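In case you want the letters, here they are:
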Amino acid sequence: MAQAALRRFSGEALIEEAGPTGMVTLRGTLRSGAILSAVQGAVGLRVPEVRRAESGPRGSVLWMSPDELMLICEAGEAAGIAAGITERLAGEHFLALDLSSARSRFRISGAGAREVLAKGAPVDLAPRAFGPGDLRRTRLGSVAVAFWCTGPDMFELICFRSVADHVYEWLCLAARPGGRVHLY
Amino acid sequence: MLILTCPCCGVTGEETEFHPGGEAHLKRFGPGSEDGEFTAYLFDRKNPRGVHFERWRHAFGCGKWFHAARCTATLEVFGTYSARVSAPPEEILAMIRARRPGWEASA
Amino acid sequence: MSARLPRGGLLIDRQFPVSFRADGRKLSGYRGDTLASALMGAGEMLMGRSFKYHRPRGPVASGPEEPNALYGIGSGARFEPNQRATVTELFEGLEARSQNRWPSLAFDVGAVNAKLSRLLPAGFYYKTFIHPRAAWKHLFEPVIRRSAGLGRPPREPDADRYEQVHAFFDVMVVGGGIAGLAAARQAAAGGARVMLVEQAAHWGGRALVDGPEIDGLPAADWVAAEVAALAARGNVTLRSRFAAAAVNDHGYVLGVERLTDHAPGAEAPRQRLWRIRAGRVVTATGAIERPLSFPGNDVPGVMLASAIRDHLALYAVSPGARTVLLTNNDDGYRTAIALKKAGLDVPAIVDVRANPSSQLVADARALGLRVEFGRALSGVKGVKRVEAVQLCALAGQGSVIEEIACDAVAMSGGWSPVVHLWSHSGGKLGWDEANAMFIPDPDRPPTGADGAGFVLAAGTAAGKLLTGEVLADAAAIGRRAAEEVGQRPGDEAVPRADSTAEAPLLPVWIMPLHAGPELRARAFLDYQNDVKVSDVQLAAREGYESVEHTKRYTTLGMATDQGKLSNINGLAVLADTLGQPIPQVGTTTFRPPYTPVSFGAITGMARGPLFRPVRRTTTDPWAEAVGAVFEPVGDWRRVYACPRAGESTEDAVVREVLTVREAVGVLDASTLGKIIVKGPDAGKLLDLVYTNVMSTLKPGRCRYGLMCTENGFVFDDGVVVRLDAGTFLCHTTTGGAERVHGHLEEWLQTEWWDLQVYTANVTEQFAQFVVAGPKARGVLEALGGMDVSREGLPFLSSAEGVLGGFPVRVHRISFSGELSFEVAVPAARGAELWERLIGLGAVPYGTEAMHVLRAEKGFIIVGDETDGTVTPHDLGMSWAVSKKKPDFIGKRGLERSYLVGAGRKQLVGLETVDPSDQLPDGAHATSGTRPDGRPRAIGHVTSTYRSPTLGRPIALGLIEDGLARMGEVIDFPVSSSLTMHARIVSPCFFDKEGSRQDV
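Residue numbers (our numbering), protein chains in the order written: chain A, 5 to 188; chain B, 382 to 488; chain C, 76 to 1074.
FYI, nobody ran anything at the bench for these hints, they're computed from the structure.
Treat the hints loosely; a few may be bogus.
Some, not all, of what chain C presents toward chain B, calculated at C-beta under 7 angstroms [said to hold, decoys possible]:
| hint | residue |
| --- | --- |
| 1 | A524 |
| 2 | Q824 |
| 3 | D962 |
| 4 | R967 |
Bear in mind the structure is a predicted one, so any value in this text is a computation, not a measurement.
Heads up, the beta-carbon is just placed ideally off N, CA and C, and yes, glycines get one too.
Use the sequences and the hints to build the structure in full.
Below, the structure written as structure tokens:
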């Protein structure tokens, strides 16, 4: 399959399209032993605390809602992980789906990264309010997104595939040179 | 613009993250109900000046529904609580009574 | 005449001359000037024409409250009307165009209105233009519209960019004068996150001009040191050129930061709208000086005493060489003293007070200034420029005692604290009798989410007028704000300043006190809207007792300055006329924004392609490349048709329809909603939300279903597929995916939370392509890998597999009536599969062909055939409504008497009697007459097409009792001269047996 070149824009922050990403939606009783071990088995991580993201060498786990996680993994692994969880949790009440195609992922980094997000999200992005591992589902402009902090001034963001172009253009405009707010 | 705290994910967010769902604690009337009670279920809504119980959904966040107790006149929010109750919990009622002495829940 | 003085000017830099144009004339000012100060420095005092009488006007103020000096700034794509010259920073090449005049500012034809002013009193619109009725539209309104109005809108799209930002602070301090600085310092001392903003480009507010000593330092030095100290703190955000426009509920503050207004074309955005949440808002917004209401108070050269002092100290310009001061308080004396010390003439100080005794009065006398107590002015000579004033006794009718030659008048009517931000969210005011001003009532602040007050007024904005008091109050408020947001309060020393005691003010709202009608009609209250003392008095006599009504009747305070200068004087005149105390009359409502906010800032980045998100499917780039015609469907952009080279869109639709009927077409149906419903109670939930039974569906089978609201009205439809025992896939309409998913979650979370069901909206995970037509099977067979035979994959079944190397799920469902396969593939591979299908001979078709195909079959589209008041029975779809289920959403609603009786509009097909007639969409059918004799409507057309398959027009419609009227011909009066006649037929026009889809 021909892979289009990934888009990238360097302004007051670096905006990068992350490209194919494995994403598995998992709904269930998050604190149950079955889910804990399924997540551990799938990506080698703990179930994150409320509005947190856990990351490790095999991927990440995002807390999406009180009964929903998203597992981030290599693009080719998601179908297998969803199938593996489904097999492992047979008999339990849960839902595991490979939704890798449903969303697009971006990386936002650099000194202006927090401000770029703050231009569209009604979220306090001051370092002391939003640090590494923190995750937020909110809106960016008028589009639903989730983003999480992966390091100092480093963020990842996911949105629905159909609005990926809109979100990319939006992020680039927000990061255009001359637009620093110097807020944090 | 209000700020509300979602009891499901703990986010204190601005109103644009939430979607209002109208009056809370309506009792559903289905097949077999009288015309009067069914019509009331469909259409009769309280519109008080003062304490009001509402349904909200954290639409741009965790997606969960919850309840809010709020003053429609001053916009004071007495508290938010689970959607899975059919009446306001006692601690919310106590909070309202503390803030609005003499207030009594109407039927 | 106004002029630049040879020395001084705190804000200007004489090293850097700046050239600009005003009405085409090339003029020059200095870096640091405002447009107003540069114009005055160049000898220009005439800066505008009034709205109604087109009277010549000069600047009155020195800040955002300026009512007269309004200009259109810039040109072309950077033109903006109604900019106040007093706050427009001068830049090289600035182009200013005066407004509200024709042909020129100096000679304005509209000024004839002034001669007619007796005919244009308060409410003249309401009184004059009532009869004859038609004259308003054709005669009066066009004429009034041409002569009224301020400025002209720009004609080109804005060349600048704008943005917004969300920010959160513990304490937001509005106002960068000494009060704001002192409050911010205390608020920030314990670590609270603090924002301090100032609307001007410079810090310090009035202290720079009036120069009190603070902590032993000259005010300007103290301000500079404080700003530096705050800037050095990590927890303080400082912004000048930042106007706090609104303080809304729950600590939501809107502010506009002007980034490049003074440097157009720079790389940065022009303006940034800040959307701030603050725990506490401190309003240190100072006060605005009030004009005095005396005859001739609008002649260019009459200015606020403080504005004259500001222009003198900050820009070294003076409106005149000989300035008379008219005052009712001590503060005005500062202007006379400053003018005198600058070497300018002050022929007289006219003080309405009888015999005030204070330091400032003594200082003025010591400078040799002539002071007239108990006197007022009864007139100003001059039209475009003050030439002289007429001195009179305050307590008289205005007999002229003496004419004093002068070219400027400084007026001081006392100060009004800027209470706007305090009041925006419901903060209440009290009346300070001694200073004749409204001040924030600290016991009745605006309240926040927790019910506590969240706005604190500080310094002059709280009614403190003396420097020492201002600093002490502001520091205390700053500490309190930090404490109230749970931060450690500051322990910084309170700055000290000496306060010169001042003699009391004497409120005088009309002067001379017994002015007759002639004089009262020349005393202006609202400069911009030309409202005079006589207008407010007339309104009161005509019965307007409420200040809100008087405002609207006279238009007092309704111009772009929103009454910043006129409000208090106007209501005082009203109170005086009504014989009521001022606080009883009260103020009008202070509404946001405090100063105008540009549309650009409100829009932010949401313009052009980013105005709203457009949702695109995986085939969108392909469609774009082949020149497809698009249409918006909800937020999606879908292909309407795919014309070939040289083909019209209409012809393309015909070709696409016939291709599906005769060969094979392919449609991108990815936008249809797809929702997974899984769990032990999934079937139970679906039985509750669909009108028909879904729990009996066998795995691998499909069933069409309808969803109703509790009212019993159809709100969505689609095919449900049972994937396995515990999992269903529900298809929804294109616009319905989020709505239906939300509907399921709402019932699960708020009513039936005992059901064990999880849902997921998987719409975007899959691209879904409809391969339809007699040759559809051949295309799938050519891909290979799955048994797609009639036996292997019968009609209304669904299977997962690998087709041509693609992991797919294939549904045998048909919305065209033809043999049809819907192929779902992970969206990442959607574009690839699409091109393979086309390569195998499937002809792409768009939504219009899809609509025609389904209409030929009589299939409904939710939103076309339904409008939120249509039941399944109305659609002839009673077969999809279970009679056996004890409950489902809408079951009880459908039992309501008025939904089951006769007279409902029902879905039927419509065939025009003359096949050359095509019914227009939405056309109404009529039959008989109503009691009033007009035709009675019995229904309307919901869909109408020219059917390529049948070679004639077809339509669907909702017609009263339509199902019982088969064969009847009804009338559609489509215009006054044309009535079409159509026969009521079955909505299914083609292949009524359904034999083509099940092959």
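Verification of the hints:
1. A524: With a minimum Cβ separation of about 5 angstroms from chain B (threshold 7 angstroms), the hint on A524/C holds.
2. Q824: holds, 4 angstroms
3. D962: holds, 5 angstroms
4. R967: holds, 5 angstroms
Checked against the numbered hints above, the structure violates none of them.
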